[in-house]
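Heads up: the sequence shown runs through residues 1 to 163, numbered per UniProt numbering.
Derived by calculation from the structure, the hints in this document are not laboratory data.
Since this is a predicted model, take the numbers as computed values, not measurements.
Careful: at least some of the hints might be erroneous.
In silico DSS-like pairs for lysine-lysine, Cα to Cα no more than 30 Å straight-line [said to hold, decoys possible]:
#1 K4 - K102
#2 K62 - K88
#3 K62 - K89
#4 K76 - K158
#5 K76 - K102
#6 K35 - K81
#7 K158 - K17
#8 K6 - K62
#9 K17 - K6
#10 K90 - K23
#11 K76 - K88
#12 K89 - K76
#13 K102 - K85
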Amino acid sequence: MDQKQKIWNQWVLMLHKQEDRAKRREALLLEQIRKSMPDYDELGGLSITELHVIQSIGSQEKVNVTTIAQQIGVTKSAISKIASKLMKKKLIERYQLEDNQKEVFFRLTRAGESVFRFHELFHSKLERHMLEFLGRYSDAELEFLQNVMRDATLEMDKNWSGQ
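Use the sequences and the hints to build the structure in full.
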């Protein structure tokens with residue numbers, strides 16, 4: 001087997017493991033949030049997309065549907081539906097500026113801020129772990145890896161016809 005085939009096989013294996021790990025991490029995160037919020041069960045649970053919307057709202061000021069949709073890569077109509085659910089769950093609220101009554105913005109409620117902080121803590125632990133892992137490589141190796149990952153990401157963004 002040539003080197004390119006070995007790299008491809010390793011890449012596919014890594015992607016499958018990443019997908020499996022991501023599912024386990026999401027389940028763990030949602031379980032930890034459930035345990036930390038006494039009234040979580042009354043919310044009817046949270047989806048990962050709802051968490052991403054909360055993350056988007058909590059990490060910036062004056063966030064509207066368009067901003068969130070662009071940031072997390074879903075349609076504006078999907079964000080509108082998710083925002084409605086999150087408002088019913090009392091995790092976000094909508095508001096308008098006094099000088100602009102047309103545009104609607106979102107902010108976190110106290111419960112939403114709690115979920116946001118928990119999510120931030122969870123991600124910072126993941127980041128610390130990854131930075132520790134990357135610490136075993138030289139600057140030259142890291143630069144090469146960064147180039148490969150950038151190029152692979154750009155390649156994935158291309159509109160493939162399945163060939």
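Hints, one by one, checked against the model:
For the given pair, K4 sits about 55 Å from K102 by alpha-carbon distance, which is inconsistent with the 30 Å threshold. Between K62 and K88, the direct Cα distance comes to roughly 20 Å. Compliance with the 30 Å bound is thereby established for this hinted pair. Using a Cα cut-off of 30 Å, the hinted pair K62 and K89 holds, with the two alpha carbons roughly 20 Å apart. Of the pairs offered as hints, the one joining K76 and K158 holds, with about 23 Å between alpha carbons and a cut-off of 30 Å not exceeded.
A distance of roughly 16 Å separates the Cα atoms of K76 and K102; the hinted pair therefore holds under the 30 Å criterion. Straight-line distance between C-alpha atoms of K35 and K81 comes to about 26 Å, which keeps the hinted pair within the 30 Å bound. Taking the CA atoms of K158 and K17, the gap is about 23 Å. The hint holds against a cut of 30 Å. The hinted pair formed by K6 and K62 fails the criterion: a straight-line CA distance of about 48 Å is larger than 30 Å.
Our distance criterion of 30 Å between C-alpha atoms is met by K17 and K6, whose separation comes to about 16 Å. For the hint pairing K90 with K23, the CA-to-CA distance comes to about 26 Å; that is within 30 Å, so the pair holds. A threshold of 30 Å between alpha carbons decides the hint, and for K76 with K88 the separation of about 18 Å falls inside it, so the pair holds. The hinted pair formed by K89 and K76 meets the criterion: a straight-line CA distance of about 20 Å does not exceed 30 Å.
Distance restraint check for K102 and K85: the Cα-Cα separation of roughly 21 Å lies within the 30 Å cut-off, and the hinted pair is therefore satisfied.
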